[in-house]
Amino acid sequence: MTKLPTWADVGLVPLISLTLAALVSAGVLLAIGQSPMQALSVMVNGALGSSYAWGYTLYYATSFIFTGLAVTVAFHAGLFNIGGEGQAQLGGLGVALVCLALPWPHWTIALVAAMFGAALFGAAWAAIPAYLQAKRGSPIVITTIMFKYIAAALLIYLLVNVLRPDGQMDPASANFPAGAHVPQFQEIPILQGLFQRFGADGLPRLNAEGLPMYQQVPANVTFFIAIAACVLVWVMLWHTRLGYAIRAFGKSEKAAVYAGISPLRIIMIAMLISGALAGLMAINNVMGQAERLVQNSASGAWFIGIAVALMGRNHPLGIFLAAVLFGFLFQGGAALGLETDIPIELRTVVQGLVILFTGALDQMVRMLLGAFFAKKGAT
Amino acid sequence: MDFATFLQISDTALRFATPLLLACLAGLFSERAGIFDIGLEGKMLMAAMSAGAVAAVTGSVWLGLIAAIFGSLLFAAVHGIASITFRGNQLIAGVALNFVASGITVLIAESMFGQGGRTPPLEGAARFANIDLPFTETLATIPVLGPFYAEVLSGHTILVYVALALVPISWWVLYRTRFGLRLRAVGENPASVDTAGVSVVRLRFSAVIIAGVLCGLAGAYMSTGLQAGFGREMTAGRGYIALAALIFAKWRPWAALWATLLFGFLQALALRPDVVESMTRVAIPVPFLDALPYILTVIVLAGFVGKAIPPRAGGEPYVKER
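Residue numbers (our numbering), protein chains in the order written: chain X, 12 to 390; chain A, 558 to 879.
Just so you know, these hints were derived from the structure itself, not from any lab.
We put the CB at the ideal spot given by N, CA and C, even for glycine.
It is possible that some hints are incorrect.
Stated by the list, open to error - Examples of chain X residues lying across from chain A (beta carbon under 10 Å, computed): (1) ILE161; (2) GLU264; (3) ARG358.
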């Protein structure tokens, strides 16, 4: 097989994989008698067409950045943290416990404390599979899946029997106190103008007190924390001794051991960081949006994180871009479900196809491109 | 728990264990040949939808069964092409296929029937009928075993008995035939099989196809035997429980039967919290019973009950030396 030039491997392969996934998705739409072009325009409009749409796209992207980074850190250590959804759910529990514990005076203090809770609970849930892998050789791929289901059962129990306030029917925690409300985009002074609402006459709409009204969106300050996390993960992986040890261990366990790197230490640290990042996702969806803990709070964001890590080639910059792309797919898919008679499940199919083509059939694309480049080199 | 309740729960347990057993045997063939199969869930779901849809349209459960096997094989083929031909990551291929199945089953069912992603309720010849085993009357007089035979073993659909029969058949194929020997060898050391002049690719594809057929049976049982029609996400993680059972059984056919029966029994118990409470005298939360199969599997994986050693070449694509 011909070795591809770096630009082709980093840029062209994901692009072609993505195109293939899009083509198959279009085929699926044609097969169920829908128009792919119409679907695309509804998706673009619904996910990018207004500040409201962007508010949702970036909200989803924030979650996917955290899950993508979590998958990546484990990947670099040669570990596939496939069941991180459990860690993300436990992170949600950590956030809920912190937010409900005190009448927080200011959101900044609440946010720092909740981040600590989220990371701690997420990391703790990753710690047992990590320890079993390092000490007893139990494959982490299976144990994290098992822990995902155990986490789901634990959360159902806690939500129904412990955290649910008296007299409430649905299995959810109480609403968080007002002091734990983190600013959403329309409440941040610099961004506020983008979300101002206008009446049919083109003039700003005013509320009863004569103040301008703003479109409410779920994207919140966590977005900036996610960007900071990208930078930190990048620094950690490529510019610290620990990052070097993690990557060396992931590339070749034997060589790493020979160089004096302890497998137990690296597996534990990599999985704790991965679990903490997974848990931090809860800042976005539990604290930033729902403002209470509900069942399935992580809802599939984990598997998208796997796709994001694959698309982003396990690099924080790539992950950021891929997360925005998947934010677009997620919000665009929701728009499809609302505005057309295409079921919302189409987005699950598209996500699955993107994972398939970028993660499992990437060799196929490389082989095809390899043949092309080999021919070009010969002439 | 009195004897009648025990029989009742055992009967439900056998029903619940059947799809687990079929999927577990599917995983057994695939993983013994060195192909990790996270995609059991997706294949079952696809098969359940295909069986439900075709049985609803044609009114014949047998055509539904054929459709189920076909639907499952389609996914198995993609898994095989991705993980054998193009040497892709088997785990990621499985995850991707689960995703695709979860969405596309609803898309197809919705575009065919427009009932919110369900297939119409099945009745009559569109479902598998319950079969009463012979001699239930005569054997009923024997204490304990007679009622057990009549209440638990008798009165299930044909697929339940097929699943039970597949346990010795799988054992025989894996341990007493040349094909089985080669299949196990290809999961341990593919290079040695290749050296002997046997095609690794062909063996692994056969294993993936067998897994596809078995998942097809499991899915068909879900929508035409256990329930009457397909509903979205109806497999509800059974593919992963089967995977857990496979590890619990340490990749052996007979142990797979006991593991899936145990997990089926736990699922049946989770439906009767009153029985559990009267037995243990403390309220055991239902979620704990739901989580028990996974907890048990982690304990086995941790090596506290013997050691679960997966096939050595599992998950690794085979690259022939040039």
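Exercise. Any hints from earlier that this structure breaks? Give me their numbers in increasing order, please.
Key: Violated hint (a single one): 2; every other hint is consistent with the structure.
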